[in-house]
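Residue numbers (the working numbering), protein chains in the order written: chain L, 1 to 273; chain E, 274 to 428.
The set of hints was computed from the structure by calculation and includes no laboratory data.
Cβ coordinates follow ideal geometry from the N, Cα and C atoms, glycine included.
Just to be clear, a hint being listed does not mean it is correct.
Said to hold, decoys possible - These stretches of chain E come out as covered by chain L in the derived footprint (C-beta under 8 angstroms, 3 or more residues):
| id | segment |
| --- | --- |
| 1 | 307-315 |
| 2 | 322-334 |
| 3 | 338-345 |
| 4 | 371-381 |
| 5 | 406-416 |
Said to hold, decoys possible - Calculated pairs, SDA-like style, for lysine to any residue (alpha carbon to alpha carbon, straight line, at most 25 angstroms):
| id | chain 1 | residue 1 | chain 2 | residue 2 |
| --- | --- | --- | --- | --- |
| 6 | L | K236 | E | T395 |
| 7 | L | K236 | E | F412 |
| 8 | L | K122 | L | M143 |
Unchecked claim - Here's a subset of chain E near chain L, in silico, CB distances under 8 angstroms, partners left out:
| id | residue |
| --- | --- |
| 9 | M274 |
| 10 | L277 |
| 11 | I354 |
| 12 | I368 |
| 13 | V419 |
| 14 | P426 |
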Amino acid sequence: MLRSFRNSPEPVQAPVRIISLEQQTRICRVAVQAGRIMQQHGAESKLIEETTVRLGKALGLDSVELAITANALILTGLSQGRCITTTRRVYDRGINMHMVCEVQRITIMAEKQLLDVDDVVKRLERLQPYKHNRWLVVFMIGMSCACFSRLFGGDWAVFAMTFVASAIAMLFRQEMAHRHHNPILNFGMTAFVATTIAGLAVRYDIGNQPQTVMAASVLLLVPGFPLINAVSDMVKGHISMGISRWFFASLLSLGVAMGIALSMWATGVSGWL
Amino acid sequence: MIELLALLVEDALFSAVPAVGFAMVFNVPTRMLGFCAIGGAFAHSLRTLCIYWGVPLEWATLVASTSVGLIGVYWSRRYLIPRPVFTVASIIPMIPGSYAFTTMVGIISLYSNGFSEPLLATIIENGLRTMFILMALSFGLAIPSVVIYRGRPIV
Numbered sequence: 001m002l003r004s005f006r007n008s009p010e011p012v013q014a015p016v017r018i019i020s021l022e023q024q025t026r027i028c029r030v031a032v033q034a035g036r037i038m039q040q041h042g043a044e045s046k047l048i049e050e051t052t053v054r055l056g057k058a059l060g061l062d063s064v065e066l067a068i069t070a071n072a073l074i075l076t077g078l079s080q081g082r083c084i085t086t087t088r089r090v091y092d093r094g095i096n097m098h099m100v101c102e103v104q105r106i107t108i109m110a111e112k113q114l115l116d117v118d119d120v121v122k123r124l125e126r127l128q129p130y131k132h133n134r135w136l137v138v139f140m141i142g143m144s145c146a147c148f149s150r151l152f153g154g155d156w157a158v159f160a161m162t163f164v165a166s167a168i169a170m171l172f173r174q175e176m177a178h179r180h181h182n183p184i185l186n187f188g189m190t191a192f193v194a195t196t197i198a199g200l201a202v203r204y205d206i207g208n209q210p211q212t213v214m215a216a217s218v219l220l221l222v223p224g225f226p227l228i229n230a231v232s233d234m235v236k237g238h239i240s241m242g243i244s245r246w247f248f249a250s251l252l253s254l255g256v257a258m259g260i261a262l263s264m265w266a267t268g269v270s271g272w273l
Numbered sequence: 274m275i276e277l278l279a280l281l282v283e284d285a286l287f288s289a290v291p292a293v294g295f296a297m298v299f300n301v302p303t304r305m306l307g308f309c310a311i312g313g314a315f316a317h318s319l320r321t322l323c324i325y326w327g328v329p330l331e332w333a334t335l336v337a338s339t340s341v342g343l344i345g346v347y348w349s350r351r352y353l354i355p356r357p358v359f360t361v362a363s364i365i366p367m368i369p370g371s372y373a374f375t376t377m378v379g380i381i382s383l384y385s386n387g388f389s390e391p392l393l394a395t396i397i398e399n400g401l402r403t404m405f406i407l408m409a410l411s412f413g414l415a416i417p418s419v420v421i422y423r424g425r426p427i428v
């Protein structure tokens, strides 16, 4: 982070807060837990780092140093010259912006001194990921991909076929995710399902551009969030996190392409290239 | 003029739906879904307008995503919500999904059908387009925190 030190005002000395070793350990645990929830639910690295540091300082630490890796967080909390370091394994639990919002809100409340350590612990433990109704999601994703087919210039027959193909594919994806299958396998098989159904449009020549159905029905599998996070991480200086996210998103896309290729080979219908 | 307006309205309608749909996959809280719809509709029709005026696709994308990023600053400070909650869902309709998949399917068929120059050209062109659009999208979203809020948190 480049900053001009010439123009910066004199650093204000914050009053030293005296906290016990147990309290310091406790605060470190809370802070790393907040960061962990954020990373598990798909926040970008800068947000994770910022929130963890702010929460730790708000609860009484002098400084917080956080190392973010692709599947673990390492946090050191300093207070009166003592260091406490703790590591947490991070498991991917799927993108959930609701959880990210809640952790941010708790941090802001702690910063305004509305919550103490115990309240923060209680609130973090109470957080339950909110999920939208799955059938509504299936409908909306079907509509989304159908809208993409309109944007690519398809007519209403193409719209209807894309809706059917991608809604069934989304249902399949949810079922696979529910059974905790590997995401790359999930994306590949979902792409196979979507392309096979969409291939019917090409085979029976439905609509003005039957090929568009094949292109639009797999768009529910674009790893948009990981890709955007990857580039913003790299822009904001978290190069290694950015690279690992970029690579994971590329592997997901490769899985999707494998599914498409397998379906085109099995049915003999070609829609791409 | 009327044609352009009709084009933009249609564009806005057909991109508001995907923005909300994908926002629901990311489990954006219900009361924020409306903002995702507005952001998605605004961004995609702004990009279409820029392309209509002759701006290249990547630069038009950068303009659209920068404006979503700036609007996101206002909303996030007002509702105390991290910015990616609105902004990423809003730019989802502009993500180059079919270019990315064309690149990957092309790589697979380069292996299975053998090398040919037109195929290699397709792969490289689509791959580069995917990369540049993605860079434009996320760099545009990052502009407020890179240029205005340097080192300070937005909320």
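Results of checking the hints against the structure:
no.: 1; hint: 307-315; result: violated (count 0)
no.: 2; hint: 322-334; result: violated (count 0)
no.: 3; hint: 338-345; result: violated (count 0)
no.: 4; hint: 371-381; result: holds (count 9)
no.: 5; hint: 406-416; result: holds (count 7)
no.: 6; hint: L:K236 to E:T395; result: 32 angstroms, violated
no.: 7; hint: L:K236 to E:F412; result: 10 angstroms, holds
no.: 8; hint: L:K122 to L:M143; result: 40 angstroms, violated
no.: 9; hint: M274; result: 22 angstroms, violated
no.: 10; hint: L277; result: 16 angstroms, violated
no.: 11; hint: I354; result: 5 angstroms, holds
no.: 12; hint: I368; result: 5 angstroms, holds
no.: 13; hint: V419; result: 7 angstroms, holds
no.: 14; hint: P426; result: 5 angstroms, holds
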